[in-house]
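*Asks:* If you want the building blocks of each chain, they are given just below.
Number of protein chains: 2
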Amino acid sequence: MAPEMLPPGSVIGMLGGGQLGRMMALSAARLGLTVHVYCPDPESPAFEVAKAHTIAAYDDEAALAAFAGRCDVVTYEFENVPARAAEVIAERTLLRPGALALATSQDRLVEKTFLRTAGAEVAAFAPIDGAADIDAAIAVTGLPAIVKTRRFGYDGKGQRKVDSRAALVAAVAELGADLILEALVPFAVEVSAIVVRGADGAAAVYDIGENSHANHILKETRVPARIGTDTAAAAAALGRRIADALDYVGVLGVELFVVRDGGGERLIVNEIAPRVHNSGHWTEDGAVTSQFENHLRAIAGWPIGSVEMLAPTVMENLIGAEADAWARITADPRARLHLYGKAESRPGRKMGHVNRI
Amino acid sequence: MAPEMLPPGSVIGMLGGGQLGRMMALSAARLGLTVHVYCPDPESPAFEVAKAHTIAAYDDEAALAAFAGRCDVVTYEFENVPARAAEVIAERTLLRPGALALATSQDRLVEKTFLRTAGAEVAAFAPIDGAADIDAAIAVTGLPAIVKTRRFGYDGKGQRKVDSRAALVAAVAELGADLILEALVPFAVEVSAIVVRGADGAAAVYDIGENSHANHILKETRVPARIGTDTAAAAAALGRRIADALDYVGVLGVELFVVRDGGGERLIVNEIAPRVHNSGHWTEDGAVTSQFENHLRAIAGWPIGSVEMLAPTVMENLIGAEADAWARITADPRARLHLYGKAESRPGRKMGHVNRI
Chain A
11 MAPEMLPPGS
21 VIGMLGGGQL
31 GRMMALSAAR
41 LGLTVHVYCP
51 DPESPAFEVA
61 KAHTIAAYDD
71 EAALAAFAGR
81 CDVVTYEFEN
91 VPARAAEVIA
101 ERTLLRPGAL
111 ALATSQDRLV
121 EKTFLRTAGA
131 EVAAFAPIDG
141 AADIDAAIAV
151 TGLPAIVKTR
161 RFGYDGKGQR
171 KVDSRAALVA
181 AVAELGADLI
191 LEALVPFAVE
201 VSAIVVRGAD
211 GAAAVYDIGE
221 NSHANHILKE
231 TRVPARIGTD
241 TAAAAAALGR
251 RIADALDYVG
261 VLGVELFVVR
271 DGGGERLIVN
281 EIAPRVHNSG
291 HWTEDGAVTS
301 QFENHLRAIA
311 GWPIGSVEML
321 APTVMENLIG
331 AEADAWARIT
341 ADPRARLHLY
351 GKAESRPGRK
361 MGHVNRI
Chain B
11 MAPEMLPPGS
21 VIGMLGGGQL
31 GRMMALSAAR
41 LGLTVHVYCP
51 DPESPAFEVA
61 KAHTIAAYDD
71 EAALAAFAGR
81 CDVVTYEFEN
91 VPARAAEVIA
101 ERTLLRPGAL
111 ALATSQDRLV
121 EKTFLRTAGA
131 EVAAFAPIDG
141 AADIDAAIAV
151 TGLPAIVKTR
161 RFGYDGKGQR
171 KVDSRAALVA
181 AVAELGADLI
191 LEALVPFAVE
201 VSAIVVRGAD
211 GAAAVYDIGE
221 NSHANHILKE
231 TRVPARIGTD
241 TAAAAAALGR
251 RIADALDYVG
261 VLGVELFVVR
271 DGGGERLIVN
281 EIAPRVHNSG
291 HWTEDGAVTS
301 QFENHLRAIA
311 GWPIGSVEML
321 APTVMENLIG
331 AEADAWARIT
341 ADPRARLHLY
351 GKAESRPGRK
361 MGHVNRI
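Chains as they are written, first to last, in the numbering used here: chain A, 11 to 367; chain B, 11 to 367.
Treat the hints as calculated values from the structure; they're not laboratory data. Possibly wrong hints are sitting among the right ones.
[Said to hold, decoys possible] Here are the simulated distance ranges between beta carbons:
{"no.": "1", "chain 1": "A", "residue 1": "Pro50", "chain 2": "B", "residue 2": "Gly19", "range": "47 to 53 angstroms"}
{"no.": "2", "chain 1": "B", "residue 1": "Ala100", "chain 2": "A", "residue 2": "Pro343", "range": "25 to 31 angstroms"}
{"no.": "3", "chain 1": "B", "residue 1": "Lys229", "chain 2": "A", "residue 2": "His226", "range": "28 to 34 angstroms"}
{"no.": "4", "chain 1": "A", "residue 1": "Ala321", "chain 2": "B", "residue 2": "Gly129", "range": "49 to 55 angstroms"}
{"no.": "5", "chain 1": "B", "residue 1": "Gly19", "chain 2": "A", "residue 2": "Pro343", "range": "19 to 25 angstroms"}
{"no.": "6", "chain 1": "A", "residue 1": "Asp342", "chain 2": "B", "residue 2": "Arg359", "range": "38 to 44 angstroms"}
{"no.": "7", "chain 1": "A", "residue 1": "Asp257", "chain 2": "B", "residue 2": "Arg338", "range": "22 to 28 angstroms"}
As the structure is a prediction and not an experimental result, all values here were calculated from the model. Here a beta-carbon is modelled for each residue, glycine too, at the ideal position from N, C-alpha and C.
Make the full structure from the sequences, and use the hints.
*Replies:* As structure tokens, this is what we get:
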């Protein structure tokens, strides 16, 4: 049976009111869908482009229940939605992507185990729950390696590169329990597969993007990635396989390392994000259908739109004071400026991005 | 001196909360500009995508003054803004496009006189203020002709085609005073020039679109128009000349008739609209910069963005129940659906549009 299509006017609930929520809300409006944003921060950038908003904590079950009761489907802009919040919502309305995607991506150990089961190569890894696990973990990953918190890490937070046993001991003492040690991957390029999968199981993958980072924050995505055609096709196939394995509905970001050895290219999945992804922002101007619209289409049960690339595109993030260059950017008639309406510019804060076609 | 550029976070005031205001608000949000919509209708489609709104009448001077006091620039989505409202606003903040454009386009007699002065050919016309003017007017225009109210006509409302003196007498009795009689133009094609002119006077014109109507409402715009290259260039030049003559800031819609005689093509300006225009909706998906974004850029004092066409595009309006076909439209992966979030579908009501590239 074809999944139900939510009609225009349906209410899309959005957990999180940052720039991703804001861009999804803008896409929803274009499709005649109504948006209700739920976020504890009263200054959320998404509030001003949504019909309704709730300011409440993610553990406020009464507020969550009331919110869910007003929404035809609920989605989110970040993977760290508490499991209990997801449960409260899923008891009352559709939650898309579903609880499995959340649970899998919230915990690096669960995620890596899942990815391996789904047939993806991942970096060698081992859990560290305390000092007693250190030697066994090093035996799996070798050194240097990266120790990370299993949960709540992002943009390089909650992780340390360690090149000796002593450094690992110190890092474990600092980061606490529930850690994972991962082998360092000597990658040539980091790429992203942005996958969209509909409620009917039909999936599509955008052209693979090539990412560069500065200070652990995405700085630029270039599409198409400068990798082999076969590698790009393999990355897309891998993205699709992961989405299928999660019975995923919506847009899924898959970050992969490309390792070059012996003249060939090999793919290692770094992590997945069950949401629209920064490395997919190029699709707003460079693809027939943006990742934001396709996420909305998928969670509303609509057919997904064409992911075809219109032209090679470079997306540049504007971090902190870089957004002060807005006037210069507007003078380039082909630069497509996107600003998130954040009042305060702080170092490391994503203020906007520019697509150049 | 270069005009001042309003920084991101500036407040754009919008008179009118319909679909044009809504689409402008969505473009504003993408640029990090904040929107305050002013509209008497509490169910305005633009409210839900704007940070602030005021529900008040266009003759409520206190409300207008308070609104203007909160905005860095005020614009509008319809040309029938009362002169007094424009005045109240212009005394307190920037009004763009300015009062001259409003006064000119609000009155068909003033408009046609202005257009002729600006060097544009227009249909023969004559004012009719009462029965006594009928014979003199017919002497100017011939018959058949079209009698129209000078003010507040749109989508074919307030006008009658007349093919005899008796029919004109009856129409004048019905429509009242302040009329204009216009010669019928035997046009082959109706086209639009969508012009954008910045605060610095720099202007650009999108590719000329070809319009077809059903029941006096725009049904389809096809770009590029199927007219001669020289004719298209002349239409663009005419649009630019009209914008210059008005010292215009923003997007201006210019509707033109193409008359074919003696193997050549001749342009007759039908009317101008000092706002984003339905026949420019194709630019959202078919041009580098949409008319909505370019209107915002212009009124904010920013450089205008590229008007380059990405690919030939057909825009189809969804009128009344036609929007019920949304599900079918979403199944075409290349159809770009735009819905306006109107709760109630009524015959003749514009509910959305589709761009096909």
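*Asks:* Next, verify each hint and record whether it holds.
*Replies:* Hint check:
no. : hint                                    : verdict
1   : A:Pro50 x B:Gly19: 47 to 53 angstroms   : violated, 23 angstroms
2   : B:Ala100 x A:Pro343: 25 to 31 angstroms : holds, 30 angstroms
3   : B:Lys229 x A:His226: 28 to 34 angstroms : violated, 53 angstroms
4   : A:Ala321 x B:Gly129: 49 to 55 angstroms : violated, 39 angstroms
5   : B:Gly19 x A:Pro343: 19 to 25 angstroms  : holds, 23 angstroms
6   : A:Asp342 x B:Arg359: 38 to 44 angstroms : holds, 39 angstroms
7   : A:Asp257 x B:Arg338: 22 to 28 angstroms : holds, 27 angstroms
Hints 1, 3 and 4 from the earlier list are contradicted by this structure; the remaining hints agree with it.
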